[in-house]
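Each chain, written out:
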Amino acid sequence: MWELDAPTLITVLTIGFSTIGIVLGCIVPAIMEGIATKQALESMGRQPDAANDLRTTLLISMALLESTAIYVLLVILILIFVNPLLDRFFI
Amino acid sequence: MESVTPQVVFTIFGLPIKDTVVSTWVIMVILIAFAWFIRKYKPGIAEIIIDSISGIIATVMPDDTKVIKFLSILGTLAMFLIIANIFSIIPFMVAPTANINTTIALAVVVFFAVHGFGILEKGPWGYIKSVASPIFILPLEIVSQLSRTLSLSIRLFGNILSTDLVVAIVFSIIPFILPLPLVALSLLTGVLQAYIFTVLASVYIASAVVVEDKETERRRLKHEASQPS
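Protein sequence lines, in the order shown, are assigned to chains A and B.
The first sequence lines up with residues 1 to 91 when you count with our numbering.
The second sequence lines up with residues 92 to 320 when you count with our numbering.
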């Protein structure tokens with residue numbers, strides 16, 4: 001097998017698992033936002049009078065759903081650019 | 092990463108001044124000069140701005156709330172954030188909200204404003220009673236207040252930083268036409284996040300100041316029943 005030193009191994013593992021993490025962390029909020037938008041559009045089509053209230057509520061809930069994907073992105077940015085394991089143990 | 096993380100511009104007595112702080116100062120000068128200008132020459136523009144912002148706030152508050160009490164802090168937040176989020180399109184400037192210290196400061200301001208307006212509206216004892224009406228609600232309430240402050244700051248920071256980072260990465264690969272749609276996306280995201288920050292702050296303030304006792308509930312139901320929709 002290849003001879004990898006510890007910092008290289010940690011970097012490779014971090015990048016691999018970060019990729020898996022951001023894929024999973026983007027799929028779930030995207031599906032949920034799609035469901036929320038679908039329901040809001042159906043409600044707008046059924047009751048056009050309430051479209052303004054629905055739009056405000058939809059934007060707020062989309063922001064709340066979107067923030068979970070942003071949390072994943074922030075954790076992964078920290079892991080890739082300022083990796084705490086590399087900083088603490090090897091440099 | 093160096094193009095979007097804050098850089099030290101100069102130091103005052105050993106205290107490093109980052110470029111996001113300089114951008115905040117520039118935005119403060121712009122806002123003060125703009126306010127002075129429209130007060131002096133164009134008072135109609137101020138009316139349009141106040142009407143639109145108070146209309147946005149009034150959509151998420153309960154119907155009989157006086158929006159003008161909260162307009163000073165929420166309108167300042169909205170105008171500052173709209174300019175601050177799209178400030179990175181000016182050359183040699185960075186968006187101040189791409190630094191997490193700015194957004195944490197804004198979220199802490201919102202946190203204290205929520206409790207301050209709640210205490211002003213209901214009195215100290217009434218506010219405590221409304222927050223902890225069964226006493227076991229109190230730890231949940233404390234956790235929810237802290238987590239909403241954290242999520243408010245991290246949402247704004249993450250959105251602005253991620254769009255700036257995407258533009259920087261694409262610009263480092265292909266520095267021709269291709270970054271333009273992403274710049275447009277970052278403008279859209281910035282304005283939308285300013286709107287969302289303001290609306291969420293007004294939702295939190297509304298949840299602190301609303302008095303939902305049985306009498307107003309009964310009156311509201313009667314009012315809705317009398318109006319056929």
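Rather than coming from a laboratory, the hints here were simulated on the basis of the structure.
Be aware that one or more of the hints could be misleading.
Stated by the list, open to error - Not everything, but these chain A residues come out facing chain B in the computed CB check (under 8 Å): (1) T37; (2) A51; (3) L58; (4) I60; (5) S61; (6) Y71; (7) L74.
As the list claims (entries may be wrong) - Using C-beta positions, here's what the derived DEER-type ranges look like: (8) B:L229 x A:I15: 42 to 50 Å; (9) B:A149 x A:L85: 25 to 33 Å; (10) A:P84 x B:L231: 42 to 50 Å.
As the list claims (entries may be wrong) - Reference excerpt, derived from the structure (chain A facing chain B, CB under 10 Å, subset only): (11) T19; (12) Q39; (13) L41; (14) E42; (15) S43; (16) M62; (17) A63.
The C-beta atom is built at its ideal place from N, Cα and C for all residues, glycine as well.
Do the numbers back the hint for Y71 (chain A), that is, is its least Cβ distance to chain B under 8 Å?
-> Y71 (chain A) check passes; min Cβ-Cβ to chain B is 7 Å, inside 8 Å.
Using the beta carbons of A149 (chain B) and L85 (chain A), state whether their distance is inside 25 to 33 Å or not.
-> Violated, at about 50 Å.
Go through the hint on I60 (chain A) and say holds or violated, using the shortest Cβ distance to chain B against 8 Å.
-> With a minimum Cβ separation of about 6 Å from chain B (threshold 8 Å), the hint on I60 (chain A) holds.
Would you settle whether the hint for M62 (chain A) is holds or violated, based on the nearest Cβ-Cβ distance to chain B being less than 10 Å?
-> For M62 (chain A), the interface hint holds, since the closest Cβ of chain B sits about 9 Å away, which is under 10 Å.
Should the interface hint for Q39 (chain A) be scored as holding, given a Cβ-Cβ cut-off of 10 Å against chain B?
-> violated (19 Å)
Return the status of the interface hint for L41 (chain A): holds when the least beta-carbon distance to chain B is below 10 Å, violated otherwise.
-> For L41 (chain A), the interface hint is violated, since the closest Cβ of chain B sits about 18 Å away, which is over 10 Å.
Was the hint right that A51 (chain A) lines chain B, CB cutoff 8 Å?
-> violated (12 Å)
Would the stated hint for T37 (chain A) survive a check requiring a Cβ distance to chain B of less than 8 Å?
-> It is violated, given that the least Cβ distance between T37 (chain A) and chain B is near 15 Å, above 8 Å.
Per the CB criterion, is L58 (chain A) less than 8 Å away from chain B?
-> violated (11 Å)
Within 42 to 50 Å or not, the Cβ separation of L229 (chain B) and I15 (chain A)?
-> Given a distance of about 44 Å, which is inside 42 to 50 Å, the answer is holds.
Is the shortest C-beta separation between S61 (chain A) and chain B less than 8 Å?
-> violated (10 Å)
Kindly confirm whether 42 to 50 Å is satisfied by the beta carbon distance between P84 (chain A) and L231 (chain B).
-> 31 Å Cβ-Cβ, so the 42 to 50 Å window is violated.
The structure does not agree with the numbered hints 1, 2, 3, 5, 9, 10, 11, 12, 13, 14, 15 stated previously, though it agrees with the rest.
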